[in-house]
Amino acid sequence: MLAAYVEYWRINLLTMLEYRANFVMWFVFAVFYHGVALAALTVTMLQFPSMNGWNLREMFFLYALWMTAHELHNALFFNVVAVPEYIREGRFDRFLVRPFDTLFQVLTVPAQIFPDGLILAIVTLCFAVGVAGVRVDAFFVAFVPLVVMGGALIDLGISLVIATIAFWFIRVDTLRWVVMSLEQDFTRYPISIYTRAVGIVLSFVFPFAFMNYFPASYFLNKTDVALNLNPAVGLLTPAIGVAWVAVAYAFWRVGLRHYEGTGS
Amino acid sequence: MPDMTQPIIQTRDLRKVFRTVKRASGGLGALRTLFSREYEDRVAVADVTMSLAAGELVGYIGPNGAGKSTTIKMLTGILVPTSGSLEVAGIVPYEHRKENGRNIGVVFGQRSQLYWDLPLQESFELLRAIYAIPRDRYRQNLKDFVDILQMDDFLRTPVRQLSLGQRMRGDFAAAMLHDPKIVYLDEPTIGLDVVAKEAIRQFIAGINAQRGTTVILTTHDLADVERLCRRIVLIDRGTIIYDGDVERIKSEYGRYRTLVLRFGQAVESPQLDGAELASVEGTTARFRFDRNVARPDLLIRQAGDRYSVEDVTIEEPELESIIRRIYVEGYAGQGAATL
Numbered sequence: 188m189l190a191a192y193v194e195y196w197r198i199n200l201l202t203m204l205e206y207r208a209n210f211v212m213w214f215v216f217a218v219f220y221h222g223v224a225l226a227a228l229t230v231t232m233l234q235f236p237s238m239n240g241w242n243l244r245e246m247f248f249l250y251a252l253w254m255t256a257h258e259l260h261n262a263l264f265f266n267v268v269a270v271p272e273y274i275r276e277g278r279f280d281r282f283l284v285r286p287f288d289t290l291f292q293v294l295t296v297p298a299q300i301f302p303d304g305l306i307l308a309i310v311t312l313c314f315a316v317g318v319a320g321v322r323v324d325a326f327f328v329a330f331v332p333l334v335v336m337g338g339a340l341i342d343l344g345i346s347l348v349i350a351t352i353a354f355w356f357i358r359v360d361t362l363r364w365v366v367m368s369l370e371q372d373f374t375r376y377p378i379s380i381y382t383r384a385v386g387i388v389l390s391f392v393f394p395f396a397f398m399n400y401f402p403a404s405y406f407l408n409k410t411d412v413a414l415n416l417n418p419a420v421g422l423l424t425p426a427i428g429v430a431w432v433a434v435a436y437a438f439w440r441v442g443l444r445h446y447e448g449t450g451s
Numbered sequence: 090m091p092d093m094t095q096p097i098i099q100t101r102d103l104r105k106v107f108r109t110v111k112r113a114s115g116g117l118g119a120l121r122t123l124f125s126r127e128y129e130d131r132v133a134v135a136d137v138t139m140s141l142a143a144g145e146l147v148g149y150i151g152p153n154g155a156g157k158s159t160t161i162k163m164l165t166g167i168l169v170p171t172s173g174s175l176e177v178a179g180i181v182p183y184e185h186r187k188e189n190g191r192n193i194g195v196v197f198g199q200r201s202q203l204y205w206d207l208p209l210q211e212s213f214e215l216l217r218a219i220y221a222i223p224r225d226r227y228r229q230n231l232k233d234f235v236d237i238l239q240m241d242d243f244l245r246t247p248v249r250q251l252s253l254g255q256r257m258r259g260d261f262a263a264a265m266l267h268d269p270k271i272v273y274l275d276e277p278t279i280g281l282d283v284v285a286k287e288a289i290r291q292f293i294a295g296i297n298a299q300r301g302t303t304v305i306l307t308t309h310d311l312a313d314v315e316r317l318c319r320r321i322v323l324i325d326r327g328t329i330i331y332d333g334d335v336e337r338i339k340s341e342y343g344r345y346r347t348l349v350l351r352f353g354q355a356v357e358s359p360q361l362d363g364a365e366l367a368s369v370e371g372t373t374a375r376f377r378f379d380r381n382v383a384r385p386d387l388l389i390r391q392a393g394d395r396y397s398v399e400d401v402t403i404e405e406p407e408l409e410s411i412i413r414r415i416y417v418e419g420y421a422g423q424g425a426a427t428l
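In order, the protein sequences belong to chains A and B. So that you can map any letter, position 211 of the first sequence is 398 in this note's numbering, and since no number is skipped, the others follow by simple counting. So that you can map any letter, position 213 of the second sequence is 302 in this note's numbering, and since no number is skipped, the others follow by simple counting.
Derived by calculation from the structure, the hints in this document are not laboratory data. Where is the CB? At the ideal position from N, CA and C, for every residue including glycine. A few of these clues could be false.
[Said to hold, decoys possible] Quick partial rundown of chain A residues pointing at chain B, CB under 10 Å, derived from the structure:
1) Gly-277
2) Asp-280
3) Arg-281
4) Gln-299
[Said to hold, decoys possible] A few chain B residues that don't get close to chain A, going by computed Cβ distances all over 12 Å:
5) Ser-172
6) Ala-298
7) Ser-397
[Claimed, not checked] Now the in silico label distances, taken between C-beta atoms and shown as ranges:
8) Arg-200/B - Pro-236/A: 54 to 64 Å
9) Gly-277/A - Asp-242/B: 21 to 31 Å
10) Leu-204/A - Glu-409/B: 43 to 53 Å
11) Phe-219/A - Gln-299/B: 52 to 62 Å
12) Met-212/A - Asp-334/B: 52 to 62 Å
13) Ala-221/B - Glu-276/A: 20 to 30 Å
14) Arg-131/B - Gly-222/A: 49 to 59 Å
15) Tyr-436/A - Leu-253/B: 34 to 44 Å
16) Asp-241/B - Gly-277/A: 23 to 33 Å
17) Glu-276/A - Pro-385/B: 50 to 60 Å
18) Val-429/A - Asp-334/B: 57 to 67 Å
Turn these sequences into a full structure, and let the hints steer you where they fit.
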């Protein structure tokens, strides 16, 4: 399995070199995309110096934490998003006739993915840590990568559930769009600015709050005024990521048994 | 050598029903569909029982929508049957997809399993890693396939730039690299020109003869079957209607031969005792005769005595016309199936 994964990355990087223009465009897009989001954040915060006790510098850290987890997900698991397309076009069949886990095969379809967004995110996160004045100690250095990985797994779990629904309802574009906007819009600000119901959804239904809000609260020594939880719950992010992926994977296995293809 | 005593593929009363939600029409139709509990059942495979010995090369034939592809998808483990049992190389495919995957190779003529953006060679490398093929074995197989299929010229070309014939050759190599015991070929020659078709047919015959690979071939091109298969299985409306020798079906259903005569000058309604006039076109007349009743040499002598004959040909019935007749006569009056 490891050999296959190494081979996949070798080929991926090779094709990346072949499609340099594509790579440059993705990189420009990533810079632009996150640039716009951060600019919007800055403009908003010029109006309100503090939002439920969070200032601009702290919200920059909040964003950078989400961005890193999300970009890690994009670098490693982006192909999951293509599953409905594979099913629709009948390309999914080939994963079922090979001696390898179906999900693993989906994740190793060469798709010219280069971790440029991830590199950008890591740089941004380092910068944000400095700006927000996070206390950098051994615990922080050891735990931030785990939080980021947990966040990426939360992202994976959610995209896997959406992909699995495509086994029954071939078209899931709308659902994916709704969940993606939910993620992008609601992770930008501390969830304490929303109503309690939204906070509960973002914590326990689609646990995006664990990608950035709770861990950031912990690292910045904030108190959680959204759900009155101890900010130390932010340390649960890796566990929540693993649990989410485990549940999503079980659902995926059920979906595989119901796979009916597109006929013919 | 493959074990010839045990069947390598065995199915019993195999059945697949696709259940779809009935779509309501009208403005709120989509909404109603979402909550509807009304289903529509479509029986794709009604009842398929068959058994294949290791090393066989079988043609699986049927009109569009007869259930060929659905059967293949159940055999390969892609689809879970609605009922019935099946075993492929001692394994229930959909229960043990990974083990089954090691035993089989699949070529879907309409869909490539190669990676679109990669050069052919990189696709092969990735498959080597996926199937964990030992390096020596991989090199030997690759060398053999590159030779037989003449892939030298385009091994470094991205798949999307290959011609259909080149891509198909790549797909065949990709399906065979891990030495599968069984290969399923679904329309492998569709859309290919004569030369490419012949190359593919030679390759299929070769792997079957030299490696003892069991082959199931579904195709619309009955010339493939005539050239390659000793046994055919005919399916229609999800049920097997014939399973046996190609030769037997030919002699049972193909009793009629056609005698083609070209006369020196046009003859109006020529006649021969023991043969039936099928058509006249200019100076050429075609007679149909039952080879169990009339002897062709006597017919030719008879024609020579009556008319001035310049040329004589006897046409054997093609498998295609025989099979077309089976489908038409078997279901006459119920909207005959077409091949």
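Hints and how they fare:
1. Gly-277: Check passed: Cβ of Gly-277/A comes within 6 Å of chain B, closer than 10 Å.
2. Asp-280: holds, 5 Å
3. Arg-281: At 5 Å from the nearest chain B Cβ, Arg-281/A passes the 10 Å test, so the hint holds.
4. Gln-299: Where the cut-off is 10 Å and the nearest Cβ of chain B is about 7 Å from Gln-299/A, the hint holds.
5. Ser-172: It holds; Ser-172/B is separated from chain A by about 15 Å at its closest Cβ, greater than 12 Å.
6. Ala-298: holds, 24 Å
7. Ser-397: holds, 55 Å
8. Arg-200/B - Pro-236/A: 54 to 64 Å: holds, 58 Å
9. Gly-277/A - Asp-242/B: 21 to 31 Å: At roughly 29 Å between Cβ atoms, Asp-242/B and Gly-277/A fall inside 21 to 31 Å, so the hint holds.
10. Leu-204/A - Glu-409/B: 43 to 53 Å: 50 Å Cβ-Cβ, so the 43 to 53 Å window holds.
11. Phe-219/A - Gln-299/B: 52 to 62 Å: With a Cβ separation near 57 Å, Phe-219/A and Gln-299/B satisfy 52 to 62 Å, so the hint holds.
12. Met-212/A - Asp-334/B: 52 to 62 Å: holds, 60 Å
13. Ala-221/B - Glu-276/A: 20 to 30 Å: holds, 28 Å
14. Arg-131/B - Gly-222/A: 49 to 59 Å: Taking Cβ atoms as reference, Arg-131/B and Gly-222/A lie about 52 Å apart, which means the hint holds.
15. Tyr-436/A - Leu-253/B: 34 to 44 Å: holds, 38 Å
16. Asp-241/B - Gly-277/A: 23 to 33 Å: For Gly-277/A against Asp-241/B, whose Cβ atoms are near 31 Å apart, the range 23 to 33 Å holds.
17. Glu-276/A - Pro-385/B: 50 to 60 Å: Hint holds: Cβ distance 53 Å, inside 50 to 60 Å.
18. Val-429/A - Asp-334/B: 57 to 67 Å: Holds: the Cβ-Cβ distance is about 58 Å, inside 57 to 67 Å.
Of the hints listed earlier, there is not a single one the structure fails to meet.
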